[in-house]
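The task is to assemble the complex, starting from two chains supplied on their own in separate frames and drawing on the hints.
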Amino acid sequence: MTDASKTPRERPTSPHLVTGGLGSPLLWRWHITMWTSILHRVSGVGLYVGALIAAAWAVTLASGPLEYAQFKLLLGSPLGKLVMFGLTVAFFYHLANGIRHLVWDAGHGFALKTANASAVVVFAFTVAASLAVWWIALRIGALG
Amino acid sequence: MTQFRTPLSRARGLGSARHGINHWISERVAAIALVPLTLWAVYGVIELAAGDYAFAVAWIRHPLNAVLIVLTLAVSFWHMHAGLRVVVEDYIEKAMSKTVLLLINLFVCWLAGALAIFSILKVALGGGAF
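So the protein sequences, as listed, match chains C and Z. Residue 115 in this note's numbering sits at position 115 of the first sequence, and the numbers go up by one each step. Residue 88 in this note's numbering sits at position 88 of the second sequence, and the numbers go up by one each step.
Worth flagging that the hints you see were computed from the coordinates, not collected in a lab. Treat the hints with care, as some may be off.
Some residues of chain C that are not near chain Z, with every Cβ distance over 10 Å (derived) [what the hints assert, rightly or not]:
id: 1; residue: R9
id: 2; residue: I32
id: 3; residue: G44
id: 4; residue: L79
id: 5; residue: F85
id: 6; residue: K113
id: 7; residue: A115
id: 8; residue: F123
Covered by chain Z, according to a simulated footprint, are these stretches of chain C (three or more residues, beta-carbon under 8 Å) [stated by the list, open to error]:
id: 9; segment: 48 to 55
id: 10; segment: 58 to 70
id: 11; segment: 129 to 138
For every residue, glycine included, the Cβ atom is placed at its ideal position computed from N, Cα and C.
If we strip away everything but chain Z, and leave its shape as in the complex, we get (with noise of 0.2 Å):
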C-alpha cells in the first residue's frame, strides 16, 4: 500500500501506528468475556445482600468464587477505561482538559481496580478481616 501514500507523507512518518486492531479485538475480547462474569457477578450481589459479613468471608473464601470474582474486577476495570476513555475523546476538545480527564481516568480505574482485588484476595487468602 505504500505506493498510495505521497512522499510528504512518508518523509512525516505519522499514520496508522499498527496498534489499532489489537486494540480494537482486546475491546471486544473483554466484552465478550463480562457477559457471562457479570451475569454471574449480578446472582453473587444478590446471594451476598441476603448473607451477613461471616458469608460474605465464607463466599469470597471458596476458590472458584475468589477467581471469579478478580477476573470480573479486572477485566470490567479495563473495560471501563476504554469506554469513558472513548467518551472524554469524543466529547473534551481541549488538549489540556482532555489529558486531565484522560490521566483521572486512568488512575482512578486502576486505584479502584488494585483496592478492590487486594481486598478479595486479602480475604481470600485468610488475611481476613483483623
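Only chain C is shown next, with the shape it has when bound in the complex (with noise of 0.2 Å):
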C-alpha cells in the first residue's frame, strides 16, 4: 500500500487515452468508431488546406490568364493530381462523417450496433463516391 506521507499518485483525466504520457500504451483498443472521430478533424484539416488552393484559383484566375495557366499546370502535374485525389478523399469523408454527426446532433444513431454499421457505410461511401468523381474526371477530359 501506498505510504500516507508520499504524494498522491496522478488521478485519471477525462478523457484519458494513454495510461501515462505520450507514447505510453492506450487505455482503450482500437475502435472504428474511434478511427471515424480522428479522421473527421484529419480530413477537416486537409480541407482547410484546400480551401486555401482554392483561394489560390480564383486569385490567379482574377490575376490573368498567363498565372491562371501556370496554376493549372501546377494542379496538373503528378503533384498535383496526388494532392487532389487526397483532398476528393478528404472531402468525401468529411461530407459522409459530417452528415453521421448531424444525425446525432438530431438525436438519433447512437446505439453501439448503429454508430459501427454507420462509420462502416461512411467509409464504403469515400471509396466509391471519390472513385466515382475520378472516373467522371477522366471521361470529361478534366485529367488533361
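What follows is the structure, encoded as C-alpha cells:
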C-alpha cells in the first residue's frame, strides 16, 4: 500500500487515452468509431488547405490568363493530381461523416451497432464516391 | 433556475454567456448548407479542370455560378474557422499559444476568404483579367 506521506498518485483525467505520458500504451483498444472521429478532424484540417488552394485558384483567375495557366499546370502535375485526389477522399469522408454527426445532433443513431454500421457506410461511401468522381473527371477530359 | 446557483457564483456573475445555443445552431446550419453547395462545387471543379481560361471566365460570369461559388466560399471559410478553432481549443493548453493560433486561424480565414470572393466578383462583374 502507498505510504500516506508520499504524494498521491496521479488521478485519471477525462478524456484519457493513454496509461501515462505520450507514447505509453492505449487504455482502449482501437475501434472503428474512434477512427471515424480522428479522421473527421484530420480530413477537416486537410480540407482547410484545400480551401486555401481554392482561394489561390480564384486569385490567379482574376490575375490573368498567364497566371491561370501556371496554376492549372501546377495542379495538373503528378504532385498536383495526388493532392487533388487526397482532397477528394478527404472531402467525401468529411461530407459523409459530417452527415453522420448531423444525424447524431438530431438525437439518432447512438446505439453501438448503429454507430459501427454507419462508420462502415461512411468508409464505403468515401471510396465509392472518390473513385466515381475521378472516373467522371477522366471521362470528360479533366485529367488532361 | 437561479435558485440552484450559489450566492458566490451569482456574485461572480460568470456562467452561461447565453450565446451557446445560437453558436451551436449556426455551426449546424453552415454544415447543412455546405452539403449541396460543396457537391455542386465538386462538379464545378471537374468542369473547370477540363476547360481553359476563357471557359473559366465565362463560367464565373454566369450569375448562378457566381452566386453559388461566393456562397460556397463564404460558408466554407466560416465553417473552417469554427472547425479549426475547436481543434486548437481542444489540443493547445498554453494560453499564449492558444490565443496566437486562434488569431492566426481567424486572420487566415478572413484574408483567404476575402481574397477569393473579391477575385470571383472582379471576374464575374467583368473587370476580368487585365
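Evaluated hints:
The claim that R9(C) lies off the interface holds: its Cβ sits roughly 22 Å from the closest Cβ of chain Z, which is beyond the 10 Å cut-off. Here I32(C) stays apart from chain Z, with its beta-carbon at least about 21 Å from theirs, past the 10 Å limit. With a least beta-carbon separation of about 5 Å from chain Z, G44(C) fails to lie farther than 10 Å from that chain, contradicting its non-interface assignment. Interface exclusion of L79(C) from chain Z stands, the closest Cβ pair being 15 Å apart, more than 10 Å.
Every CB of chain Z is more than 10 Å from the CB of F85(C) (nearest about 12 Å), matching its label as outside the interface. Annotated as non-interface, K113(C) keeps its C-beta farther than 10 Å from every C-beta of chain Z; the closest such distance is 25 Å. Distance check on A115(C): its Cβ is at least 19 Å (rounded) from any Cβ of chain Z, clearing the 10 Å threshold; non-interface status holds. Every beta carbon of chain Z lies more than 10 Å from that of F123(C), the smallest distance being close to 19 Å; the non-interface claim holds.
Closer than 8 Å: that is the beta-carbon criterion, and the segment 48 to 55 of chain C has 5 residues meeting it against chain Z, so the requirement of 3 holds. For a cut-off of 8 Å, the count of residues in the segment 58 to 70 of chain C with a CB near a CB of chain Z stands at 9, and the three-residue condition holds. Here's how the segment 129 to 138 of chain C fares: 3 of its residues keep a CB closer than 8 Å to some CB of chain Z, so the rule of at least three is met and the hint holds.
Checked against the numbered hints given earlier, the structure breaks only hint 3 and satisfies all the rest.
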